[in-house]
Every structure is written in structure tokens, then in C-alpha cells.
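Enquirer: Here the working numbering is used: position 35 in the first sequence is 27, and no number is missing along the way.
These aren't lab readings, by the way, just hints derived from the structure by calculation.
Heads up, the beta-carbon is just placed ideally off N, CA and C, and yes, glycines get one too.
Among the clues, some could well be false.
[Stated by the list, open to error] DSSO-like cross-link-like pairs, simulated, lysine-lysine; straight-line CA separation at most 30 angstroms: (1) Lys229 / Lys199; (2) Lys302 / Lys199; (3) Lys444 / Lys454; (4) Lys442 / Lys369; (5) Lys302 / Lys149; (6) Lys369 / Lys302; (7) Lys226 / Lys149; (8) Lys283 / Lys361; (9) Lys226 / Lys283; (10) Lys292 / Lys369; (11) Lys292 / Lys226; (12) Lys454 / Lys442; (13) Lys302 / Lys225; (14) Lys369 / Lys283; (15) Lys229 / Lys369; (16) Lys225 / Lys361; (17) Lys225 / Lys199; (18) Lys361 / Lys442; (19) Lys149 / Lys225; (20) Lys292 / Lys302; (21) Lys229 / Lys292; (22) Lys226 / Lys361.
[Said to hold, decoys possible] Ranges of calculated distance between the beta carbons of each label pair, as one might list FRET restraints: (23) Leu400 / Lys229: 53 to 63 angstroms; (24) Lys283 / Asp164: 36 to 46 angstroms; (25) Thr5 / Asp134: 42 to 52 angstroms; (26) Ala450 / Leu400: 56 to 66 angstroms; (27) Arg365 / Gln44: 25 to 35 angstroms; (28) Glu354 / Asp60: 17 to 27 angstroms; (29) Val264 / Arg455: 25 to 35 angstroms; (30) Gly270 / Pro374: 39 to 49 angstroms; (31) Gln223 / Ala306: 40 to 50 angstroms; (32) Asp62 / Val264: 48 to 58 angstroms.
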Amino acid sequence: MATPRVRFAPAPTGYLHVGSARSALFNWLFARRYGGQFILRIEDTDESKKSQEFVDAIVEPLRWLGLDWDEGPFFQSERRVAHDLAIQQLVDSGQAYFCDLSAADSQRLSTEAGLRAGYHGWSRDRGVADAAGVVVRFRVPDEGSTVVDDLIRGRVKIAHDTLDDFVIRRGDGSPTFFLANAVDDHDMEITHVIRGEDLLNTTPKVKLLWEALGYGRLPQYAHLPLLVNEQRKKLAKRRDSVALSDFVSQGFLPEAMLNYLALLGWGAPDEVEIRPLGEIVELFSLEAVNKSSAFFDLVKLAHVNQVYIKALSAAEFAQTVASWLPAHYDLAVVEALAPELQQRISTLSEAASWLDWIFVDEIDDYDSKAWQRAMVKGRAAPTVLVELGEVLSGVPFDDPEHLRSAVLGVGDRLSEQIGARVMSQAPLRVALTGSGAGIPLWEAMTHLGKEKTLLRIAAAHKRLSG
RNA sequence: GCCCCGUUCGUCUAGCGGCCUAGGACGCCACCCUCUCAAGGUGGUAGCACGGGUUCAAAUCCCGUACGGGGUACCA
-7 MATPRVRFAP APTGYLHVGS ARSALFNWLF ARRYGGQFIL RIEDTDESKK SQEFVDAIVE
53 PLRWLGLDWD EGPFFQSERR VAHDLAIQQL VDSGQAYFCD LSAADSQRLS TEAGLRAGYH
113 GWSRDRGVAD AAGVVVRFRV PDEGSTVVDD LIRGRVKIAH DTLDDFVIRR GDGSPTFFLA
173 NAVDDHDMEI THVIRGEDLL NTTPKVKLLW EALGYGRLPQ YAHLPLLVNE QRKKLAKRRD
233 SVALSDFVSQ GFLPEAMLNY LALLGWGAPD EVEIRPLGEI VELFSLEAVN KSSAFFDLVK
293 LAHVNQVYIK ALSAAEFAQT VASWLPAHYD LAVVEALAPE LQQRISTLSE AASWLDWIFV
353 DEIDDYDSKA WQRAMVKGRA APTVLVELGE VLSGVPFDDP EHLRSAVLGV GDRLSEQIGA
413 RVMSQAPLRV ALTGSGAGIP LWEAMTHLGK EKTLLRIAAA HKRLSG
């Protein structure tokens, strides 16, 4: 195919959410797949929406994801002259006309005439003159229908009598979405429009304008299935927590986010789900995109993220996780323990809780269940702690293997003495970490150090007997 | 209401008329491994919305119904 030109055209409404990110990704994939251009256009026809803050809210997440654009960002608000010209052209050719009715008035007229809600062309032949507050409406043909061949959905046909004479210029003179969309896509020579299904119904209107303006060949349209919440409603900023920035701060990796997003509505022919972006680019095609909406599943996202976290080298992991850790954490220790952490977390923000015990001065809070199980139910615990204190004070702390055999040795000896299985590791874990669950002890103990280890064993013993 | 789109395990999907007693992934359950929690391994659970056609043959094609969603703004 001729090199495609696609665009991601979000409205600057606060922040970028995962649904928009998915649209951006599919556009980007398509452009990269066929060696075309990916264009960023900020859809700020409503002047109030233009501010640096809002622009950053779009640009920063795209950068984080690594979805680089070849042209732009362009601003719709800066293309006002072209829009005005197009509106003038439509008015001059009689395909659009002025209307001084308010929305409320046209609603009332419809009701009085016993027609369905909406606008019925009341001002078509009233000869209204342009003035402040007057809108321009497009004259939709009475007869016939408009057909759009969607790359994903197939042929979509809308009868003209279900369309009203929609507004293309507001009372304040600004162009509406339909008009700006047609003009900008034409001027930017967009070949493929890839966006959410919620925009499918607007396509015939844009096509009508396109033809009325004599623009020639229409871009190819591809409407992606919507991303939905657990109620199967389209992801919305107001009710769903879907800001991309939130996922960034929770510790999702951009590669994982992209990979997961690519899986919603699309799948590789070989069914391999988790794979490098480069491979996804190679395999991507719009024809393989399916039609039904997809639930944005945090559980699966977490799984994908964990796979990516596990794939990091220890050094990469330590470097990446650093900003989620308190400043007093020793990164060299984090790197040494990286593999154990990587298989236990699915987001980077979870890392600290697995490591905390190594970097605090003392354990002041023991998990009560773990204490009960290891210290109270394990009747030998007091003896184990005493023995552990004695044995470990004579062992060098530089070799995990020495620590292991010393600790397990205590358990074996006591087992023989008592004639029942004695676990030495469980009480040790609770004494050192305050918790019943955690990473393997031996390597971690070399970083905790002998002094803290012995103090914590003593503290636990004191608490047990006191 | 009207218009448009959709419907395969709980979820994401494979399937584009016979290879399907429907495959994979996530989740869940069990077992193995194991001080713990994980990770890993093995096995299991669960689905073609319904009704008519077409055809020798339908998850796959057609029609209808039901259900879900989207749109219906001087938002985009």
C-alpha cells in the first residue's frame, strides 16, 4: 500500500486514559507497520481547552509509552482560517445555511410539530442573515443514504432522514468537530482514520461534508472496539480510574502497558501474547482487529507487567524500581536480592514491602497470625531462639550457605532431642522480619548483618517469655 | 423512542463450512516443589445467547428474537 498517514487526535480534556492510549497505539502500530507517518493533532476546537497543562497531559503519557509521532502536535485551534474558508464555501454553494434558532427553540418546534426530537431544518429557507450568535447548519440531503466502508466493521449505511441538519459553526463563530475533522484530515492528507467505535456514527456526517467540499477520495475508516469497565460500559474518565499517569505511579512498565493494550481487540496469528513491541509491529494488521468491546482487566495487566518485571536483569530492575523505594534503601542490596523480588511483585510499587525489614532499625510490629503460628504453636520456639542466638553469634555472616546450615542444624538437633519435628526457620523469619511470609532468608541475612540479627532474636525471645 | 454496532469459557481471545468430542492465555481449584510467600511444573474447572432457515455438513453463511453497548449537543 502507499505509505499511510494516520493521526491520533485527542481532545485536551484533562488527562490521557487507557482507551485513548489504545487508540494512539493502534494508529502508531499501523504507521510503523507500513512505514507511514503518525501525526499528533490536538482537537481543541473549543478554545477553552487549550492550555499548556492540558497539552502536557497528552504529550507526557505518549512519551512515556514511547509512541513517537512524526508530525505535530498540531492544534485545531490554529487552523481557524482554513475552517472558516470551508464554512464560507459551503454557505456560498448553498450546502449550508444560517440559523438563528436556539437549541431549545428547535426542540420546542419539533415537539409542536409532532416530530422526533432534533432539528428539522426550520431555517433552511428563511433567509437568515449572518450575525453574532447565528449558527451555520449543513443541509443534509432529504433522500438517500450515506455508506461508509469500515475496515473493521464492513459496510455501514445511514439513511439521510435519520440525520439532522447538524451545526458546523457555533454561535461564537468557532467550527464544530465535524467540520474541523473533515478539513484537517483533508489538509493533512490523512489516509486512514483509526479511532474508537463511539465515533462511528459521526462518520457519515464527516463524509457528507467531505463530498460537499469536493475533497475527493475519503480516508479509509477503521473503528476499534471500545474498552469497557466491569459493567461493560465504555471507559470514562469520570467513573473509572483509568488515567495513564496512575498506572505510571503504580509501577507499571510502559512496555507491559503497550503489550497488554495491543491484546485488547487484536491478537497475533500465532497466539503468542507477550512479545516485544517490534514483533507486534511486524505482525499487526487492521484486518485482524475484532469487533466486540473488550474489558480492561487489571488482573491480566498485572500478569503481563510481572512477566516484564521478571525479564529485567538485576541491574535494570534495581535501577527501575529505585524511584519507588525510600531513600535510605541500599540499592546494592536491592540489586543482590532482585531475582527474589522480581518473582513476587506485579507492580514496582509493591517492592518496598518485601524489603522493609532489612532497612529498619528494629521490628516493632509482628504479624499476629504469624507470631501465633511460629512462636506460640511451635512450642519449641523459645529454645530454638536461644540456640539460634548462640550458634549464629559464632558464624560469619558473609556466606548464605553457612547461615543456612547453621540454622537448619539447630532444627535438626532439637528434633532429635525432643523426638518431634522442630522447625527452626519459621521462628527465625518472624523474629527477623515480623512476618510469616517473605523472600528466602539466607542471602537477605547477610545484608541484615549479624548485629541486627542477634538483637532481633533476643527481642523476640524476650517478648515470648515476657 | 430513533439510528448504528456487537454477541465463543468469569475475562482477553483462536476459529473465517468439514481438521472442533471448540484451542490458547489470565483467573480459579488440586497436586508436585517448598520454613513462608512467590516463581516454576503437572492436571483440572468453564463457553459457541436463542429460534428459524441454507447445506450432505454451521461456532462459522442468511433472517428474526433476545441481550449488551455506542450515538442521538452550538462535546469530541
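Enquirer: Taking the hints in turn, state whether each one holds.
Expert: We went through each hint and held it up to the structure:
With a CA separation close to 29 angstroms, the supplied pair Lys229 and Lys199 stays within the 30 angstroms bound. Only pairs whose Cα atoms come within 30 angstroms are accepted, and Lys302 paired with Lys199 is rejected, the gap being roughly 48 angstroms. Taking the CA atoms of Lys444 and Lys454, the gap is near 15 angstroms; set against the 30 angstroms cutoff, the hint holds. The straight-line distance between the Cα atoms of Lys442 and Lys369 is roughly 27 angstroms, inside the 30 angstroms bound, and the hint therefore holds.
Between Lys302 and Lys149, the direct Cα distance comes to roughly 49 angstroms. Violation of the 30 angstroms bound is thereby established for this hinted pair. A C-alpha spacing of about 36 angstroms is found between Lys369 and Lys302, which places the hinted pair above 30 angstroms, so the restraint is violated. Using a Cα cut-off of 30 angstroms, the hinted pair Lys226 and Lys149 holds, with the two alpha carbons roughly 23 angstroms apart. For the hint pairing Lys283 with Lys361, the CA-to-CA distance comes to about 49 angstroms; that exceeds 30 angstroms, so the pair is violated.
Proposed proximity of Lys226 and Lys283 is supported: the alpha carbons are some 14 angstroms apart, at most 30 angstroms. Taken as a hint, the Lys292 and Lys369 pair is broken in the structure, with Cα atoms around 38 angstroms apart against an allowance of 30 angstroms. Distance restraint check for Lys292 and Lys226: the Cα-Cα separation of roughly 19 angstroms lies within the 30 angstroms cut-off, and the hinted pair is therefore satisfied. A C-alpha spacing of about 18 angstroms is found between Lys454 and Lys442, which places the hinted pair at or below 30 angstroms, so the restraint holds.
Of the pairs offered as hints, the one joining Lys302 and Lys225 is violated, with about 33 angstroms between alpha carbons and a cut-off of 30 angstroms exceeded. As the CA atoms of Lys369 and Lys283 are separated by approximately 57 angstroms, the hinted pair breaks the 30 angstroms bound. Using a Cα cut-off of 30 angstroms, the hinted pair Lys229 and Lys369 is violated, with the two alpha carbons roughly 50 angstroms apart. Under the criterion of a C-alpha separation no larger than 30 angstroms, the hint pairing Lys225 with Lys361 is inconsistent with the structure, at around 41 angstroms.
Of the supplied pair hints, the one linking Lys225 and Lys199 holds, its CA atoms being roughly 28 angstroms apart against a limit of 30 angstroms. Proposed proximity of Lys361 and Lys442 is supported: the alpha carbons are some 26 angstroms apart, at most 30 angstroms. At roughly 25 angstroms between alpha-carbon atoms, Lys149 and Lys225 fall within 30 angstroms of each other, so this suggested pair holds. Taken as a hint, the Lys292 and Lys302 pair is honoured in the structure, with Cα atoms around 15 angstroms apart against an allowance of 30 angstroms.
Distance check on the hinted pair: Lys229 and Lys292 sit about 21 angstroms apart at the alpha-carbon level, within 30 angstroms; holds. For the hint linking Lys226 to Lys361, the alpha-carbon distance of about 42 angstroms lies beyond 30 angstroms, and the restraint is violated. At roughly 55 angstroms, the beta carbons of Leu400 and Lys229 sit within the given window of 53 to 63 angstroms. Between Lys283 and Asp164 the beta carbons are some 39 angstroms apart, a value that agrees with the proposed interval 36 to 46 angstroms.
Take Thr5 and Asp134: their Cβ atoms lie about 36 angstroms apart, and the range 42 to 52 angstroms is violated. Against the hinted window of 56 to 66 angstroms, the Cβ-Cβ separation of Ala450 and Leu400 comes to about 21 angstroms, which falls outside the hint. For Arg365 and Gln44, the Cβ-Cβ distance of about 56 angstroms falls outside the hinted range of 25 to 35 angstroms, so the restraint is violated. Under the hint 17 to 27 angstroms, the C-beta atoms of Glu354 and Asp60, about 49 angstroms apart, miss the expected range.
Separated by about 52 angstroms at the C-beta atoms, Val264 and Arg455 break the suggested range of 25 to 35 angstroms. In this structure the supplied range 39 to 49 angstroms is violated for Gly270 paired with Pro374, their Cβ-Cβ distance being about 59 angstroms. In this structure the hint that Gln223 and Ala306 lie 40 to 50 angstroms apart at CB holds, the actual value being about 42 angstroms. Range check, Asp62 to Val264: Cβ separation about 29 angstroms, and the 48 to 58 angstroms hint is violated.
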